[in-house]
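**Q** Use the sequences and the hints to build the structure in full.
Protein chains: 2
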Amino acid sequence: MTDYLTNLDRACSVNRSLVCVGLDPEPARLPVADVFQFNRAVVEATADLVCAYKPNLAFYEALGLPGLRALEQTIQHIRQAAPQVQIIGDAKRGDAGPSGVAYAKAMFQVWGFDAVTLNAWGGADTVLPFLEDASRGAFLWCRGSNPGSADLQDLAVDSPYGKVSVYEHLARAGLDWNRQGNLGLVVGATVPEQLAVVRTACPDLPLLIPGVGAQGGDLPAAVRNGVDQQGRRAIINSSRGIIYASAGDDFAQAARRAAAALRDAINQTLDAAGKGW
Amino acid sequence: MTDYLTNLDRACSVNRSLVCVGLDPEPARLPVADVFQFNRAVVEATADLVCAYKPNLAFYEALGLPGLRALEQTIQHIRQAAPQVQIIGDAKRGDAGPSGVAYAKAMFQVWGFDAVTLNAWGGADTVLPFLEDASRGAFLWCRGSNPGSADLQDLAVDSPYGKVSVYEHLARAGLDWNRQGNLGLVVGATVPEQLAVVRTACPDLPLLIPGVGAQGGDLPAAVRNGVDQQGRRAIINSSRGIIYASAGDDFAQAARRAAAALRDAINQTLDAAGKGW
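Chains as they are written, first to last, in our numbering: chain S, 1 to 277; chain A, 278 to 554.
Calculated directly from the structure, the hints in this document are not laboratory data. Be aware that a few hints might be false.
[As the list claims (entries may be wrong)] Derived CB-CB ranges, DEER-like:
1. S/Leu65 / A/Gln530: 24 to 34 Å
2. A/Arg306 / S/Trp277: 47 to 57 Å
3. A/Gly458 / S/Pro147: 21 to 31 Å
4. A/Gly458 / S/Thr2: 49 to 59 Å
5. S/Met1 / A/Gln506: 17 to 27 Å
6. A/Ala358 / S/Asp204: 51 to 61 Å
7. S/Asp133 / A/Leu342: 17 to 27 Å
8. S/Arg10 / A/Gln457: 41 to 51 Å
9. S/Pro27 / A/Leu342: 13 to 23 Å
10. A/Lys440 / S/Trp277: 46 to 56 Å
11. S/Asp249 / A/Leu342: 51 to 61 Å
12. A/Ala542 / S/Gln80: 25 to 35 Å
[Said to hold, decoys possible] Cβ-to-Cβ under 7 Å is the rule here; a few derived chain A residues that face chain S:
13. Ser376
14. Asp402
15. Asp548
[Claimed, not checked] Computed footprint of chain S on chain A; a stretch qualifies when at least three of its residues, placed anywhere within it, have a C-beta under 8 Å from a C-beta of chain S:
16. 365–375
17. 434–445
Glycine included, C-beta positions come from ideal geometry on N, C-alpha and C.
**A** Encoded structure:
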């Protein structure tokens with residue numbers, strides 16, 4: 001059984017890409033009626049350009065059981081069409097006791113995700129069930145890309161790690177919980193200063209970075225502040241900026257162009273920093 | 278359209294009960310093979326003793342799509358068998374932007390819950406989509422009943438509300454977000470001191486209180502510290518202590534006895550405080 005980071009690093013190096021495509025189907029924006037057909041076309045158009053796909057479960061749940069069946073089909077299709085690419089379930093789950101164990105079972109055994117995003121508000125015992133399988137990863141939602149993430153996460157706190165913000169406390173606690181090397185953190189591209197704080201606190205953890213594209217995050221800053229010393233382990237997600245690059249019949253080709261442009265822009269920043277592939 | 282608190286207060290007064298039964302099916306503990314048949318028997322045995330049922334979505338997701346179909350059947354059955362009783366989806370969801378909007382749609386329009394539990398780590402813009410419909414409630418996971426909830430929630434923070442714990446900051450922020458009167462908080466019965474802090478900060482909010490029964494919370498303390506001035510608006514949840522009261526064929530009758538005993542114990546504490554029905 002390969003450990004999680006080995007799988008993630010290989011997924012990045014195969015396509016020389018740190019791009020993650022968020023598969024977030026919103027009915028009002030879909031150029032085709034069927035969610036699975038939409039996802040399939042996007043996956044087939046981008047499979048050689050990305051390291052990961054990230055379906056956000058919210059959009060599938062909003063479509064009821066048919067939406068969840070489309071998610072099931074999508075995961076199966078990615079396994080066939082892009083076996084080298086990671087699938088990250090953007091679930092932001094987190095619960096205590098048997099509920100947390102049940103969520104971990106749902107995400108890894110039922111859905112079969114390679115990794116998930118978690119909400120660690122409930123502390124260590126809500127996170128640990130997701131770290132038991134060393135081949136699967138768990139990215140804690142550490143500092144969000146949305147404005148509201150400042151409401152709790154940016155508060156200054158008296159912590160065992162000193163006087164730090166709540167998000168930095170969580171990042172450092174995550175290091176303590178990371179006994180099998182399969183923990184990562186989610187930090188928004190819209191807050192490059194916080195991204196630098198987290199990268200300094202956690203030099204080796206993989207970071208999942210949303211907020212470029214539609215949310216307006218500064219891509220070069222996110223890459224520079226997010227990567228590790230080797231220029232890796234920063235997974236840059238774009239959802240709407242890629243999958244809705246065109247509202248017309250050419251949506252898949254437009255997604256391909258947008259994914260390639262994002263990959264190339266990231267790689268140019270890596271090259272400029274002497275950290276290219 | 279009736280506002281959420283009117284519905285909740287009525288659900289409590291109809292059965293003179295502050296008891297919520299958590300419908301958390303764990304396959305290894307089920308005395309019957311079929312989740313829906315199990316839930317149906319528990320609901321039929323307890324419908325006149327409770328104010329709410331609270332299915333935790335983790336357990337249904339862990340069973341895959343068949344589990345979610347069982348949840349759908351369970352909700353439909355509660356509507357028929359106990360139309361006066363609230364259904365709280367214990368989902369602990371929370372996400373930003375279109376994802377948060379999609380989760381709110383999933384919980385209220387797809388599943389049709391009367392209320393949900395939320396994880397407010399992502400701040401105001403992750404909570405507000407769940408408060409738009411004034412007839413539906415949202416309980417923010419404020420101070421959990423599990424040990425790990427201390428990891429972030431009990432830290433002392435420099436807050437606009439003064440030097441308070443993170444959970445108290447969230448409780449007070451919740452008051453600001455509660456523009457339609459349909460916000461509540463989740464606080465564990467295992468931490469009666471924190472429960473008292475929250476009730477003092479938020480005299481009128483409904484509190485959902487897990488942690489009695491299997492988790493060992495002090496019931497009289499939870500009732501005394503959790504209710505409002507009128508002895509209401511504290512919803513006391515028990516899951517395993519009721520639904521697994523017997524592992525045998527008599528599980529439904531045992532659930533009825535356990536639910537009645539919990540209701541009576543709560544009401545005795547209310548009576549002793551001069552706050553009976």
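**Q** So the hint says 51 to 61 Å: do the beta-carbon atoms of A/Ala358 and S/Asp204 match that?
**A** Since A/Ala358 and S/Asp204 have Cβ atoms about 54 Å apart, the given range 51 to 61 Å holds.
**Q** At a threshold of 7 Å, is the proposed contact between A/Ser376 and chain S supported by beta-carbon distances?
**A** OK, holds: A/Ser376 within 7 Å of chain S, min 4 Å.
**Q** So does A/Arg306 sit 47 to 57 Å from S/Trp277, Cβ to Cβ?
**A** holds (51 Å)
**Q** Could you see if the CB distance from S/Leu65 to A/Gln530 stays within 24 to 34 Å?
**A** Given range 24 to 34 Å: holds, Cβ gap about 33 Å.
**Q** Quick check: the region 365–375 of chain A, covered by chain S? Criterion 3+ residues, Cβ under 8 Å.
**A** The restraint on the region 365–375 of chain A holds, since 8 of its residues have a Cβ under 8 Å from chain S and three suffice.
**Q** Confirm or reject the claim that S/Asp249 and A/Leu342 have a C-beta distance inside 51 to 61 Å.
**A** Taking Cβ atoms as reference, S/Asp249 and A/Leu342 lie about 32 Å apart, which means the hint is violated.
**Q** Do at least three Cβ atoms from the region 434–445 of chain A come closer than 8 Å to Cβ atoms of chain S?
**A** holds (count 4)
**Q** Take a look at whether the Cβ-Cβ distance between A/Ala542 and S/Gln80 falls inside 25 to 35 Å.
**A** violated (56 Å)
**Q** Identify whether the interface hint at A/Asp402 stands, where standing means a beta carbon of chain S within less than 7 Å of its own.
**A** This interface hint holds because 4 Å falls under the 7 Å limit.
**Q** Between S/Arg10 and A/Gln457, is the Cβ distance one that fits in 41 to 51 Å?
**A** With Cβ atoms ~50 Å apart, the hint holds.
**Q** If I claimed the Cβ atoms of A/Gly458 and S/Thr2 lie 49 to 59 Å apart, would that claim hold in this structure?
**A** holds (52 Å)
**Q** Hold the hint about A/Asp548 up to the distance rule: shortest CB distance to chain S must be less than 7 Å.
**A** Violated - the Cβ of A/Asp548 stays beyond 7 Å from chain S, reaching only about 32 Å at its closest.
This entry does not satisfy hints 5, 11, 12 and 15, going by the numbered hints stated previously.
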